[in-house]
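On the provided structure of chain Z, position chain V as indicated by the hints.
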Amino acid sequence: MPVLEARGIVKALGAGRAQRRILDGVDLDVEAGEVVAVLGRSGSGKSTLLHLLGGLDHPDQGRIVLAGREITKQNPRALARTRLRHVGFVFQSFHLIEELSGEENVLLPARLPGAGRDGERRGRRLIGELGLTEIAARRPHELSGGEQQRLAIARALVNDPELVLADEPTGNLDQENGATVLALLRNLRRHAVVIVTHEPEAAGVADRLLHLSDGKLAPEGVALRESA
Amino acid sequence: MLTAALTVSDSLGFGFDRAARAAGLPDIIVRFNPQPSEAVRQRIAALPDVAAYTVRQELTGIGLETADDFADNGVLEIVGPGRRGYAIVAGRDVSGRRGEVVVERGLAVAWHLKLGDTLNIEGFDTRRIVGFSESPDNVSYPLSTPRVYVSAAALGVPPGARVNLADIWLRAPANLDEVLVQARATSYGLHGLRFVTRTGVRVLLDQAAGIVIDLLVALSLIALATAAVLLAASARAEVQRRLAAIGVRRAVGASRGHLATVQGLEALFVAAPAATLGAIGGVLATYGPTSRLLVLLNEPAPGAALLPGLIAAWLGAVAIPVLAAAWPAWRAAGRPPVDLLRGAELARGRGGRTVRGAGVTGPRAGLTVLGVRLAGAKRMRLITTAATLGFSTAFVLLMLTLASALSSLETDPGALGKRYQLTADLPASAVPHVRAIPGVMAAAPRYESEAVDSFSLGETIDVVAYPGDHTTFEAPPLVSGTRLRGGGEAEVGLGLAEALGLDPSSTLAIELDNGRELRLRVAGVVSSLDHDGRIAYVPAAALLAADPSAGEDEQLAVRLKTGASAAAVSAALGTSATPATGAVGRGVPLVSVLRSILRAVAIVDGLVCLYALIQACALTVQERRRTVSVLRAFGAGSTAVGRLLAGAVIALVVPAALLGIGLERVVLGPALAHLAASYVTLSLGASGPEIAIVLAGLLVAGVVATAWVTRQATRESVIEGLRAQ
Chain Z
1 MPVLEARGIV KALGAGRAQR RILDGVDLDV EAGEVVAVLG RSGSGKSTLL
51 HLLGGLDHPD QGRIVLAGRE ITKQNPRALA RTRLRHVGFV FQSFHLIEEL
101 SGEENVLLPA RLPGAGRDGE RRGRRLIGEL GLTEIAARRP HELSGGEQQR
151 LAIARALVND PELVLADEPT GNLDQENGAT VLALLRNLRR HAVVIVTHEP
201 EAAGVADRLL HLSDGKLAPE GVALRESA
Chain V
229 MLTAALTVSD SLGFGFDRAA RAAGLPDIIV RFNPQPSEAV RQRIAALPDV
279 AAYTVRQELT GIGLETADDF ADNGVLEIVG PGRRGYAIVA GRDVSGRRGE
329 VVVERGLAVA WHLKLGDTLN IEGFDTRRIV GFSESPDNVS YPLSTPRVYV
379 SAAALGVPPG ARVNLADIWL RAPANLDEVL VQARATSYGL HGLRFVTRTG
429 VRVLLDQAAG IVIDLLVALS LIALATAAVL LAASARAEVQ RRLAAIGVRR
479 AVGASRGHLA TVQGLEALFV AAPAATLGAI GGVLATYGPT SRLLVLLNEP
529 APGAALLPGL IAAWLGAVAI PVLAAAWPAW RAAGRPPVDL LRGAELARGR
579 GGRTVRGAGV TGPRAGLTVL GVRLAGAKRM RLITTAATLG FSTAFVLLML
629 TLASALSSLE TDPGALGKRY QLTADLPASA VPHVRAIPGV MAAAPRYESE
679 AVDSFSLGET IDVVAYPGDH TTFEAPPLVS GTRLRGGGEA EVGLGLAEAL
729 GLDPSSTLAI ELDNGRELRL RVAGVVSSLD HDGRIAYVPA AALLAADPSA
779 GEDEQLAVRL KTGASAAAVS AALGTSATPA TGAVGRGVPL VSVLRSILRA
829 VAIVDGLVCL YALIQACALT VQERRRTVSV LRAFGAGSTA VGRLLAGAVI
879 ALVVPAALLG IGLERVVLGP ALAHLAASYV TLSLGASGPE IAIVLAGLLV
929 AGVVATAWVT RQATRESVIE GLRAQ
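Chains as they are written, first to last, in our numbering: chain Z, 1 to 228; chain V, 229 to 953.
Next up, chain Z with everything else stripped away, as it sits in the complex (with noise of 0.2 angstroms):
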């Protein structure tokens, strides 16, 4: 059974003559331990798909089900509730919080009320192993964008969530940082991942590979014989 099951999602955004449907009909299924990356151009509508799987939007139809629910059903409450357990995000501009410390911004999912009773065990296991130790009560503006884009990738992980949603993660990262940035995403052996990039290295470490284009998300190779 897949961590995440999409299906038929529409997306519309804009109003009037300027509406446009950014999502199309989009269907997708992702396995735990599988990486997908979804390529597409600037403003294809991946941080839009992205969002809507991430219970951080609704579609406008279409249905998606995360971890066994069905989370396009849920209101607002329930979907904090699932996002809190089953999802964990990174982001491309890190969004650590400035006043906190590495290893506070690490914790604070687990601090949340609903969290789980080990995650704050778990956080410090993961800034060890992901070798943040010795920068972990530094705060984000003392740290590289590749140790603040560790430390999130930590952050979105310490809840042990089923599914990991990464937003243009080596976006701010010059290529040695996104190399190892995409690394650690790579070893999620129990995670389920999705990373939307306009970066061709995000296909290196990706299990499938797929393209949203005219809101539409296809096989890569598919997709570039469309375009061809």
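Careful: at least some of the hints might be erroneous.
Some chain V residues judged to face chain Z by a derived CB distance under 8 angstroms, without partners named [unchecked claim]: (1) Ile-539; (2) Ala-540; (3) Trp-542; (4) Leu-543; (5) Arg-607; (6) Ser-632; (7) Arg-853; (8) Arg-860; (9) Ala-861; (10) Gly-863; (11) Ala-864; (12) Gly-865; (13) Thr-867; (14) Ile-878; (15) Val-946; (16) Ile-947.
The hints are simulated quantities; they were obtained by calculation from the structure and are not laboratory data.
The C-beta atom is built at its ideal place from N, Cα and C for all residues, glycine as well.
Positioned in the frame of chain Z, the structure of chain V alone reads:
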């Protein structure tokens, strides 16, 4: 807050002047034993600089009765032609027709009288009320005796009838002293002569309203300062929030002046309607209670006279945020655009000390601690807002303490320096018997009599006498001089000392009930609220020698041992025992009105606190939209966001509470107690119950602010927040 403060301070501060103008208050009011009016007219006509005068008869101790109310101490003034010295505030003045009466407005309010109602005047027939009057030469019923006016012509009083009162208006009031000297010289042969001047009336009324007007005016000034700080802080915070937008405009070539103007105009669009609503709200909250107080003081409500002040307050309320918005915009626009664009987020590197081993050196960084840190990230705003809240807290605390002090003045004789707990209608010969009652520490005869100052005051003076050391039973704090020692000495209340210009070693000359004069050297001046401070402590021997009838009303003052039961001693004394009372027995309505005003201003102030908290929280959320959205993306629901904001509120409320309590106890309380020292020694330092009430209020305000802003914050799209810069 601004207009609430203005309404209170303007109404109370200028009420007398307005009333005096409206009533055409005479410069001199002379009372004397009844004389033929022609003789009085001749004497007045001989005075220099007289612009106008009128004479009339004033009858006291008159019974007044309606269907529901009765008073046996009414004052009936039989008015003739000429100026009146009172203002008609509703209806019309009495004419020459029979059966008409004008009633003092305070009496009308207290007895719920309407124009056209009837009033039965003892010794006269029932009369129809044709008008309500206001005369600021005295406070009104129920603080003073009820006063009504009827027409001499309607009563058929002949022109040469006897009169006992004259109102005199001078061409040049500056010549008052010279005219008074002449008047005293030409009044030879008149008995019971009492002069009251317009200045004297003002002194009396200031004392009648007393301490409370001083305190409220002072409180209003504090409120004005609070309002100004809050408006400025709010506007400044708004500019801080818009630094990025300013940076963008600056980057595309906008001038500093243009940006400052735009920012000022934007503030104007918000401030103008907000100031209008606030001004209306402030006036509505305080105008009613203040007007009720003015009725008691026989002064008119400010009405349209308040408009210039309100307009000025409105302009101030608009100008302060406009300037406060334009000035930081001007300053901000002077910085490099790159800095401004970065400034939309917290400046990196500032306050960014390394946290060594998080959770070791600081508290565990949960949501609440994060909220505290988010609020603390804007230090100047945190300080400004906390200072505003602290000031408001101190203000509310002071009002609660003041209300408590008023209650204690009303009910606790100890607050007035009275050390005896009981009085007993027993003769001096019963003292040994009373002293033998278990629980009694001391007992002595206490004589109390009314007198008047011979020269300038028509108001009475309370004369209190004990055979020995009066401080055993009454020890109001000594302000200057010494306690009375010899038989020819007196201690006078500060209110009396100020009214008569007395100080230690000067001479107190009072006319007793029997017409005899008692002259005593002033040994000391004491602080007493009793009888508005117009009180004199004299040796019993001197009082009884001058007026033996004073001994007819003797009572025993009984002081109890510490812990003794007043009830048990009362029972032993029998039915003659009465508990000692506070000062404001007849001022209960005044205290009630004052409490209303304090409550109204406290509510407005409480709303200011709530607004400041909500504003500070909302700004924190607005600036940290992305932080809140990240938390929500990771599954934080409204409870978690609430905890985060609770931390921000705690960062404001805790220092504000400490500041407020400290400010009240160390600065405001002592300062206002000093103001009141003319009348009484008050402890205006907040105590446990008041502090508990204020802390509870802050807690409620904090919870409301947290809930409100949490609701707003969780309504926003998480995605929009994540995109926010």
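Going through the hints against the structure:
{"no.": "1", "hint": "Ile-539", "in the structure": "45 angstroms, violated"}
{"no.": "2", "hint": "Ala-540", "in the structure": "43 angstroms, violated"}
{"no.": "3", "hint": "Trp-542", "in the structure": "40 angstroms, violated"}
{"no.": "4", "hint": "Leu-543", "in the structure": "40 angstroms, violated"}
{"no.": "5", "hint": "Arg-607", "in the structure": "13 angstroms, violated"}
{"no.": "6", "hint": "Ser-632", "in the structure": "41 angstroms, violated"}
{"no.": "7", "hint": "Arg-853", "in the structure": "11 angstroms, violated"}
{"no.": "8", "hint": "Arg-860", "in the structure": "7 angstroms, holds"}
{"no.": "9", "hint": "Ala-861", "in the structure": "5 angstroms, holds"}
{"no.": "10", "hint": "Gly-863", "in the structure": "2 angstroms, holds"}
{"no.": "11", "hint": "Ala-864", "in the structure": "5 angstroms, holds"}
{"no.": "12", "hint": "Gly-865", "in the structure": "4 angstroms, holds"}
{"no.": "13", "hint": "Thr-867", "in the structure": "5 angstroms, holds"}
{"no.": "14", "hint": "Ile-878", "in the structure": "15 angstroms, violated"}
{"no.": "15", "hint": "Val-946", "in the structure": "5 angstroms, holds"}
{"no.": "16", "hint": "Ile-947", "in the structure": "5 angstroms, holds"}
Violated hints, listed in ascending order, are 1, 2, 3, 4, 5, 6, 7 and 14; each of the other numbered hints is respected by the structure.
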